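Undergrad: Going down the list, the sequences are from chains U and W. Plus 1321 on top of the position in the first sequence (first one is 1) and you've got this note's numbering. Plus 1321 on top of the position in the second sequence (first one is 1) and you've got this note's numbering.
No wet-lab data here; the hints were simulated from the structure. Every value quoted in this text rests on a predicted model; they were computed, and no experiment measured them. One should not assume that every hint holds.
Identical chains blur together in the list; that is why a pair holds if it fits in one copy or across any two.
What the hints assert, rightly or not - Okay, derived cross-link-like pairs now, DSBU-like style, lysine-lysine, Cα gap no bigger than 35 Å in a straight line: (1) K1652 x K1485; (2) K1613 x K1557; (3) K1323 x K1650; (4) K1652 x K1395; (5) K1610 x K1516; (6) K1401 x K1582; (7) K1582 x K1652; (8) K1578 x K1343.
Number of protein chains: 2
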Amino acid sequence: MKFKVLRKAKHSKARLGVIETKHGVIHTPAFIPVGTQATVKGLTVEQLKEIGAESVLCNTYHLYLRPGDEAIKKLGGLHKFMNWDRPIWTDSGGFQVFSLGAAMEHGVGKIASMFPGEKSGVLAREGELEHIISKKEKFTRVTEDGVEFRSHMDGSRHFLTPEKSIKIQENLGADLIFAFDECTSPLHDYQYTKKSLIRTHRWAKRSLAAFRGENQALYGIIQGGAFKDLREEAAKFISRMHFDGIGIGGALGNTKKEMYKILGWVTPLLPEKKPRHLLGIGALEDIIKAVKLGVDTFDCVAPTRIARNGSALLLDGESLNIKSGRYWKDKNPLDKTCGCYTCQNYTRAYLNHLFKAHEMLGPILTTIHNLYFMERLMKRVRESIK
Amino acid sequence: MKFKVLRKAKHSKARLGVIETKHGVIHTPAFIPVGTQATVKGLTVEQLKEIGAESVLCNTYHLYLRPGDEAIKKLGGLHKFMNWDRPIWTDSGGFQVFSLGAAMEHGVGKIASMFPGEKSGVLAREGELEHIISKKEKFTRVTEDGVEFRSHMDGSRHFLTPEKSIKIQENLGADLIFAFDECTSPLHDYQYTKKSLIRTHRWAKRSLAAFRGENQALYGIIQGGAFKDLREEAAKFISRMHFDGIGIGGALGNTKKEMYKILGWVTPLLPEKKPRHLLGIGALEDIIKAVKLGVDTFDCVAPTRIARNGSALLLDGESLNIKSGRYWKDKNPLDKTCGCYTCQNYTRAYLNHLFKAHEMLGPILTTIHNLYFMERLMKRVRESIK
Chain U
1322 MKFKVLRKAK
1332 HSKARLGVIE
1342 TKHGVIHTPA
1352 FIPVGTQATV
1362 KGLTVEQLKE
1372 IGAESVLCNT
1382 YHLYLRPGDE
1392 AIKKLGGLHK
1402 FMNWDRPIWT
1412 DSGGFQVFSL
1422 GAAMEHGVGK
1432 IASMFPGEKS
1442 GVLAREGELE
1452 HIISKKEKFT
1462 RVTEDGVEFR
1472 SHMDGSRHFL
1482 TPEKSIKIQE
1492 NLGADLIFAF
1502 DECTSPLHDY
1512 QYTKKSLIRT
1522 HRWAKRSLAA
1532 FRGENQALYG
1542 IIQGGAFKDL
1552 REEAAKFISR
1562 MHFDGIGIGG
1572 ALGNTKKEMY
1582 KILGWVTPLL
1592 PEKKPRHLLG
1602 IGALEDIIKA
1612 VKLGVDTFDC
1622 VAPTRIARNG
1632 SALLLDGESL
1642 NIKSGRYWKD
1652 KNPLDKTCGC
1662 YTCQNYTRAY
1672 LNHLFKAHEM
1682 LGPILTTIHN
1692 LYFMERLMKR
1702 VRESIK
Chain W
1322 MKFKVLRKAK
1332 HSKARLGVIE
1342 TKHGVIHTPA
1352 FIPVGTQATV
1362 KGLTVEQLKE
1372 IGAESVLCNT
1382 YHLYLRPGDE
1392 AIKKLGGLHK
1402 FMNWDRPIWT
1412 DSGGFQVFSL
1422 GAAMEHGVGK
1432 IASMFPGEKS
1442 GVLAREGELE
1452 HIISKKEKFT
1462 RVTEDGVEFR
1472 SHMDGSRHFL
1482 TPEKSIKIQE
1492 NLGADLIFAF
1502 DECTSPLHDY
1512 QYTKKSLIRT
1522 HRWAKRSLAA
1532 FRGENQALYG
1542 IIQGGAFKDL
1552 REEAAKFISR
1562 MHFDGIGIGG
1572 ALGNTKKEMY
1582 KILGWVTPLL
1592 PEKKPRHLLG
1602 IGALEDIIKA
1612 VKLGVDTFDC
1622 VAPTRIARNG
1632 SALLLDGESL
1642 NIKSGRYWKD
1652 KNPLDKTCGC
1662 YTCQNYTRAY
1672 LNHLFKAHEM
1682 LGPILTTIHN
1692 LYFMERLMKR
1702 VRESIK
């Protein structure tokens, strides 16, 4: 993998760049659509290409559990399996191990309010903290070696280590992969977050040692919760190592403002020559702020998830709920200024009908719109840096 | 609408023909995919065209109830509404009024075994007859004027007459529409079927009288259950009238053999110059037999419905259940001889994974395969007549 910074913005830390992989290039800043289970829900790869997507991100945790990374390897790897010949990213599995265990179930997201229309991401109330932590213990057990967890599908027990995460990601064969980390929750205190961070750094070393680097690039991940000294320590530690790229993950505070503050601590400490990925963030304003702070790539399930729920993204940062009765006879497209397949060919009335009639085409067409919206947004971001 | 018989088979009554409409041609014999709610479930119109579909059939009953035929008219008609610029058929609503009321709920289909993989279509046992008929009365009440029925969606009461069915179909604006009829059940006796048939013929006259014929063609429908004299009477009666085409509907006996026998009574009595449509039938062997008896077009939900359940059609008349664990690591496509998008790009292993993971793309890709299978079948049928 090669990364080039082509241009830097004058009035911010924004960078225009390009990531080159064996399977093609990614122009940055870029938003990466998520295809958790080796499919961006409802779309064919041709539809994804028509939207303009240059890469997709799949989830190691899900694919390890089903159909299994070894099965995918025997079938020729993830690209062949899902018929996607452009770059693929896989995460380390760490986030899902923790989040599917307890945090997600209790509506604890990365920050309090993640995305317009997104239901999750509401921070638990103080009183619930103890209950959630204790419940979490039932699902995951962290040791120096790794994490024991139960599958969210069948409750079966599994053990994930840095070495195993790398091995799984090598079997899957994505172009861009991530080191194994513990993703702490906004509910964790300073003591736990610090203890976890030090362990995550030992895991980063082990991830790098296990990595063979054949046609793959490995990103290290910066954790440290919402604590300044921990985030700074993490940024310096991960930057010193021989990772190909830098991921910024974990709990990013309780509000958007806190997230921007955390990014402001971290990005000045990162090497200029390595690409920076902000994990799991994809709201319009967050992306724009993070780009200005020097982040290159983003992934987030929100644009596709809210699409399946009938929420279409609009340029003003709002979303339109196409299921609302007010659109029953509306002849307009979702967005008159949008050039996507959906807006070029279908009315709000038709989309409203599809959702009311529980037709698959409703989520499909809205997903196409939302992903095109994200591509259009990123194109504007890249042009503004030029 | 114009219909031309281009060639007749030497050893059967099969005909090669072409239906010309304002929105394009349909080469016959043809299988028409069903898009009940103004969408062939899961597919975009581009995907349908890539498969080779020349027309689709939508259901008047469903679209009348939601979003409403007047709403669709105000939105520019069904073609514009669903972005399909090729020919559209709509049925009269009669079948759904009766079948959604009682017959379907009790698994009474048009014939006993409708399609490989199709669950419905099992004839009720003798003892259940009375219960079913009495329950049906709750949902539908037939008078000389028309049928009162309850919506399967919200239980609201509606009244459908021949005049109203034609008006609705004119509002929808399909190219090929059907007269309003009573679709009797295989459970009805001779007396009721006869009484119903005579009324259906009065409704046929009223349908024709109400029909304005602006860019639309109207098919009359032959009913008469499994009774020879009634089917023959119906064939003669409908043939004498000024319909543009002839539909063959209703209860077609208890077995496939009975259905072929019924078609054998009917088709020799039909005018050569009018196209003939067999309503709701789409199994491979049934189509081949019916084509040989002189039927030109077919519609059926089975190929798309069973696809969504993971059943892929194969050339030997069998179907493959892609959800079966045996396909977990199978590198083959659904069918090695198939040229469809799905078979050209995806393994059984990937499809198996998509269904297990409850991903929309599983039903989508299998629907593409099954509809392509039907197109390929009909192409072969047309070539064999040549």
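Undergrad: Does each hint hold? Answer for all of them.
TA: Evaluation of the provided hints:
{"no.": "1", "hint": "K1652 x K1485", "verdict": "between (53 Å within a copy, 26 Å between copies)"}
{"no.": "2", "hint": "K1613 x K1557", "verdict": "within (20 Å within a copy, 78 Å between copies)"}
{"no.": "3", "hint": "K1323 x K1650", "verdict": "between (51 Å within a copy, 34 Å between copies)"}
{"no.": "4", "hint": "K1652 x K1395", "verdict": "between (49 Å within a copy, 9 Å between copies)"}
{"no.": "5", "hint": "K1610 x K1516", "verdict": "within (30 Å within a copy, 74 Å between copies)"}
{"no.": "6", "hint": "K1401 x K1582", "verdict": "neither (41 Å within a copy, 50 Å between copies)"}
{"no.": "7", "hint": "K1582 x K1652", "verdict": "neither (43 Å within a copy, 49 Å between copies)"}
{"no.": "8", "hint": "K1578 x K1343", "verdict": "neither (37 Å within a copy, 59 Å between copies)"}
Violated hints, in rising order: 6, 7 and 8; the structure is consistent with all others.
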